[in-house]
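Q: Spelled out from the first residue to the last, the chains are:
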Amino acid sequence: NAGVTQTPKFQVLKTGQSMTLQCAQDMNHNSMYWYRQDPGMGLRLIYYSASEGTTDKGEVPNGYNVSRLNKREFSLRLESAAPSQTSVYFCASSEYQPQHFGDGTRLSIL
Amino acid sequence: QQQVKQSPQSLIVQKGGISIINCAYENTAFDYFPWYQQFPGKGPALLIAIRPDVSEKKEGRFTISFNKSAKQFSLHIMDSQPGDSATYFCAASKLRGGSNYKLTFGKGTLLTVNP
Chain G
1 NAGVTQTPKF
11 QVLKTGQSMT
21 LQCAQDMNHN
31 SMYWYRQDPG
41 MGLRLIYYSA
51 SEGTTDKGEV
61 PNGYNVSRLN
71 KREFSLRLES
81 AAPSQTSVYF
91 CASSEYQPQH
101 FGDGTRLSIL
Chain H
1 QQQVKQSPQS
11 LIVQKGGISI
21 INCAYENTAF
31 DYFPWYQQFP
41 GKGPALLIAI
51 RPDVSEKKEG
61 RFTISFNKSA
71 KQFSLHIMDS
81 QPGDSATYFC
91 AASKLRGGSN
101 YKLTFGKGTL
111 LTVNP
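Protein chains in written order, with the working numbering: chain G, 1 to 110; chain H, 1 to 115.
In case anyone wonders, no lab produced these hints; they're calculated from the structure.
All C-beta atoms, glycine included, are put in the ideal place defined by N, C-alpha and C.
Please note that the accuracy of each hint is not assured.
DSS-like mimics (lysine-lysine), calculated; alpha carbons at most 27 Å apart, straight line [as the list claims (entries may be wrong)]:
1) H:Lys15 x G:Lys71
2) G:Lys57 x H:Lys5
3) G:Lys14 x H:Lys42
4) H:Lys57 x H:Lys102
5) H:Lys57 x H:Lys42
6) H:Lys94 x H:Lys68
7) H:Lys71 x H:Lys102
8) G:Lys71 x H:Lys71
Covered stretches of chain G (chain H as the covering partner; in silico rule of three or more C-beta atoms under 8 Å from a C-beta of chain H) [claimed, not checked]:
9) 44–58
10) 73–87
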């Protein structure tokens, strides 16, 4: 049982490039989330999808877009990457609580 | 506005000692308080969680103490081991309720247990 799978695990981008981070879960959960983790800042919610077909902004949505492709998959897109978006990105899923996390995508923007 | 405040930022204890991490929350609508454990290079994983209808929950060496009137909860790790060295996050949410079960995280505590 893979749980929550994120791809890629590492990525380096140049400022202005675009990229999509992929997330898939195999637990049949309705809700999925995208967080970013920065040193000393904890985990901050970027976007979430309470159920298939719905998405909502979290605490730090600026510069990001999301797509809930189906019940399993929830992608995060950076349209024009900026150095401030250098971070570790985590996807999570849940059926109410608790949330189950993937192992993250480490993204560096030069 | 930070809704969950966690302290300390870092903690060093000796093997066999007690590790204590504290959190305070503001939103009285929260009714689910989990602690997550994160090892380097991995995602956070649920360690233990509590609801406000009990004041304490114990699972092995890990105990959550909850004070509803003070809006505070804490994680106690008894007989701390080097393998417990990790970053710990407290969080708060609603257990159910549509979009309101988003987790609000504290900023994390880096625990180091020396052998």
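Q: Hints first: check each against the structure and report whether it holds.
A: Right, here's what the structure says about each hint:
Of the supplied pair hints, the one linking Lys15 (chain H) and Lys71 (chain G) is violated, its CA atoms being roughly 44 Å apart against a limit of 27 Å. Between Lys57 (chain G) and Lys5 (chain H) the CA atoms are separated by roughly 22 Å; this keeps the pair inside 27 Å, and the hint holds. Proximity of Lys14 (chain G) to Lys42 (chain H) is assessed by CA-CA distance (about 25 Å); at most 27 Å being required, the pair is judged to hold. Between Lys57 (chain H) and Lys102 (chain H), the direct Cα distance comes to roughly 22 Å. Compliance with the 27 Å bound is thereby established for this hinted pair.
With a C-alpha separation of about 26 Å, the suggested pairing of Lys57 (chain H) with Lys42 (chain H) holds against the 27 Å cut-off. A distance of roughly 15 Å separates the Cα atoms of Lys94 (chain H) and Lys68 (chain H); the hinted pair therefore holds under the 27 Å criterion. Of the pairs offered as hints, the one joining Lys71 (chain H) and Lys102 (chain H) holds, with about 19 Å between alpha carbons and a cut-off of 27 Å not exceeded. For the proposed pair Lys71 (chain G) and Lys71 (chain H), the alpha carbon gap of about 36 Å is over 27 Å, so the pair is violated.
With 6 residues having a beta carbon nearer than 8 Å to a beta carbon of chain H, the region 44–58 of chain G meets the requirement of three or more and the stated coverage holds. Proximity of the region 73–87 of chain G to chain H, defined as three or more residues with a beta carbon under 8 Å from a beta carbon of that chain, is not established by the 0 residues found.
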